[in-house]
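Participant: Take the two lone chains and join them into the complex the hints point to.
Order-wise, the sequence lines are chains X and C. Residue 158 in my numbering sits at position 158 of the first sequence, and the numbers go up by one each step. Residue 276 in my numbering sits at position 112 of the second sequence, and the numbers go up by one each step.
Since the hints were made in silico from the structure, they are not lab data. Keep in mind that a hint or two might mislead.
[Unchecked claim] Stretches of chain X that chain C covers, calculated by requiring three or more beta carbons in the stretch to come under 8 Å of a beta carbon on chain C:
no. : segment
1   : 110-117
2   : 138-144
[To be verified] Some chain X residues well away from chain C (every beta-carbon gap over 12 Å; in silico):
no. : residue
3   : Met1
4   : Gly26
5   : Asp35
6   : Ala69
7   : Thr75
8   : Val76
9   : Ala80
10  : Arg92
11  : Ala125
12  : Gln128
13  : Ser153
14  : Arg155
[Stated by the list, open to error] Label pairs and their calculated CB-CB ranges:
no. : chain 1 : residue 1 : chain 2 : residue 2 : range
15  : X       : Asp84     : C       : Asp416    : 27 to 33 Å
16  : C       : Gly402    : X       : Arg108    : 16 to 22 Å
17  : X       : Glu34     : C       : Ala393    : 40 to 46 Å
18  : X       : Pro119    : C       : Asp208    : 41 to 47 Å
19  : X       : Ala88     : C       : Pro447    : 36 to 42 Å
20  : C       : Gly458    : X       : Gly36     : 42 to 48 Å
21  : X       : Ala110    : C       : Arg372    : 38 to 44 Å
22  : X       : Arg150    : C       : Pro238    : 16 to 22 Å
23  : X       : Gly36     : C       : Gly402    : 35 to 41 Å
A virtual CB, placed ideally from N, CA and C, is assigned to each residue, including glycine.
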Amino acid sequence: MRPDPRVVAEAIVDPELPMLTLADLGVLRDVRTEDGTVVVEITPTYSGCPALGVMRADLVHALHRAGWADVDVRTVLSPAWSSDWISAEGRRKLLLGGIAPPGAAPARPAGPVPLQLSPTRRGAACPQCGSGDTEELSEFGATACKALRRCRSCREPFEHFKEI
Amino acid sequence: MAGHEETVYDALDQAHGGEGQWAFGTGFDDPLAGVDTAVPDGVDASDLGAYCLMLGDDALVLSQRLTEWVTRAPELEEEVALANCALDLLGQARLLLARAGTCGVLGRSRSAATGSIPDEDALAYFRESEEFVNHHLVEVDGGDFAATMVRLLAASAYRLALFARLRDSRDPVLAAIAAKGVPELTYHRDYAARWVLRLGDGTTESHRRTVEAVDALWPLLADLPAATAVEARLAAAGIAVDPCVVDGEVRDVLSTVLEQATLEVPPWPTPRPSPGRAGSHTPGFDELLATLQGLAREHPAATW
Chain X
1 MRPDPRVVAE
11 AIVDPELPML
21 TLADLGVLRD
31 VRTEDGTVVV
41 EITPTYSGCP
51 ALGVMRADLV
61 HALHRAGWAD
71 VDVRTVLSPA
81 WSSDWISAEG
91 RRKLLLGGIA
101 PPGAAPARPA
111 GPVPLQLSPT
121 RRGAACPQCG
131 SGDTEELSEF
141 GATACKALRR
151 CRSCREPFEH
161 FKEI
Chain C
165 MAGHEETVYD
175 ALDQAHGGEG
185 QWAFGTGFDD
195 PLAGVDTAVP
205 DGVDASDLGA
215 YCLMLGDDAL
225 VLSQRLTEWV
235 TRAPELEEEV
245 ALANCALDLL
255 GQARLLLARA
265 GTCGVLGRSR
275 SAATGSIPDE
285 DALAYFRESE
295 EFVNHHLVEV
305 DGGDFAATMV
315 RLLAASAYRL
325 ALFARLRDSR
335 DPVLAAIAAK
345 GVPELTYHRD
355 YAARWVLRLG
365 DGTTESHRRT
375 VEAVDALWPL
385 LADLPAATAV
395 EARLAAAGIA
405 VDPCVVDGEV
415 RDVLSTVLEQ
425 ATLEVPPWPT
435 PRPSPGRAGS
445 HTPGFDELLA
455 TLQGLAREHP
465 AATW
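For reference, chain C alone in the conformation it holds in the complex (with noise of 0.2 Å):
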């Protein structure tokens, strides 16, 4: 027809398919376009690829349950500051799922998967419980706004203290999503600390609701510091930090924040090692799953 592809929309539409069905956000391509995603020399690369799962899916299933508060958070501007981090972390999990794809770590998920789909999709939507290998403190129900916090600033505080470190890591791709992630999780980790400080030293409601979600997410700070066999290799090859490294400074600052929330600091569970990094999940993890991958199994082509 005349006039085809002059507008905006049309040019866009175009470029995705020309069915006219492209909508903001849908132009899924590949996260890592034009990155050279060579493995550095001496390294395995399904090492690799099972370490970027691990971090990958930290950030996916923290981020599912942020995104659990859109449309119902306690006001707005508080919506808008969740999203935000689910959006960042769930930009976090593409490049890193994306690059385990490159690393040739697909699991059973490229074959359940049909072949349109890109790796870091397939990872995500066709995986089953067992191959997710995500920590137990992303997972656990987000429970009131007081938990939500206090899960926030336990994960973030985590996570900033690896991708501070893993900004040094030999593998460039690895080293640049660190790299991109440090002030993004910046943000999220300081946003959570003051929340839990106006929560904390808040009114006794909000004191007694974030007593509880810090007694309840204590335990799940055991599976944190213990390195899996894959880490520790990777940590010794200069690609990984050892999560051991950084205990100390994680302690240091969830120690800081809640002592100035007037919250008393419960004593270190013991490390073990994480159930979650094994693929055993918590039940409420099955629920996440479906809701995260229903759309994409029962309409594995959808456009909309």
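So here's chain X without its partners, still in its complex pose (with noise of 0.2 Å):
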């Protein structure tokens, strides 16, 4: 009996963020089998996200292995990944790994974006000492998806894992 292959993809991890099943991480949008062969489908993060590849073939490896010979890894474009999308328990474990988890999203609505001059303003707690008294040091980080925070109170910096 091959393992079910939902629960086999569900449990591959995204290569940046260890801590994360590509279900936690909200990208994997369908498993399912069509005449014998797994149908993955997954959703980038960000357009030129690197790790997405790697996603591709861990699945198509962890698929084979689970007796799955025939596995096709799709890409789905639409709608756009959103932050929004990652799990509560992907959330928790992003705190237990030190990142901040990202806030709710900002609205996407039709039309024209309007200008924004002053900095964005992101809350995030520390993950170390739980402080909201934080501040933001960089908005880019080491990855497309984080940005650096320091904490006032304990003064440990960390990252956090930016709305999209």
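Facilitator: What follows is the structure in structure tokens.
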């Protein structure tokens, strides 16, 4: 009896955020079998995210090992991924891993996007000490999805998963 | 051997040829794998492909210019920011060039590239200068940090205005690429705008450099509003956005930022047909292409 392909696929971890599974991150759109082929639908987080190719290879490999010889990993572009799709479990794991989880993503209404000239105001509690008194050091971090912050209470720097 | 494919590295290596040469970021496969790439009814595939090349080349070339700052930006945080914007644009370029490939628009690139090279790589690495259709705005030498930020502001304001409307394109692939790009282009534009504020309203020296950057870049804005015949046909078919539609919005954004940055807004240049869209480029473009394409051309089957 081969393992359920959904269970196998959901357990794959993100190569850049190994504390999160693809299910936690919300990039796994669907797992189903069609005439003996496992069809997995995944969605990229950012247009240029280099992790997508690794996720694809990991999925194929894990499903092969689980006895599913025919695997088709498909990209789904629409609707675009949002950090709101990170599960509650995923947020808990980020926090345990020292990364402040994202707040609610900004709305993306139709029509022109208004200019914002003041720095983006993101609130994020310190994952170390829990203090809400934190400041942004850099809007851009080691990966596209994270900003760098510092806690004013315990003075520790930490990463913050950005809302998108 | 025993335990083969037991480590994550082995697994990735196996999935990419099994020659022990896999590295993170090298596993490039079709970014549109599994996406329905049928061309919408009543649309000329070669028009759609040509349009995707325009949008794709703008992103690819600006990405290359931004990448030139890597290892030499004034601060580590700004280097990471510029690299991040470049990576987003590279991702948009890959999707758009792959889409052009599905429309059969490959020019001479396909005959120059070996068969194992994907369409988007063939288009990026094996076209000649006159086959690139990006605007001059994204290709001119980046200059200093002020010029980099003024150009990033203008180019992303224009691209964001187009993409916001392209979300309603009748081509579902283009609409999806645009919807994905909008949040990215929003933070590129706003990041560049905040730097133009700091530099324009900063020291005497930063103000002087920003004025020079604006003066040098302004004439290139003449290329943005005029639609090519392809854009006009596709806009009428509900696929593309006629760039003249976003001209007012782009001017508003640039005027707002420059005024707040205590910079004078120069007179808007008279629109002209974009030479870049017609394949005519500035002298420095050949050098940019040589850097972009050199490795792929010298070692078409390179692995590392």
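Participant: Hint by hint, work out which the structure violates, then give me just those numbers in ascending order.
Facilitator: 7, 8, 9 and 19
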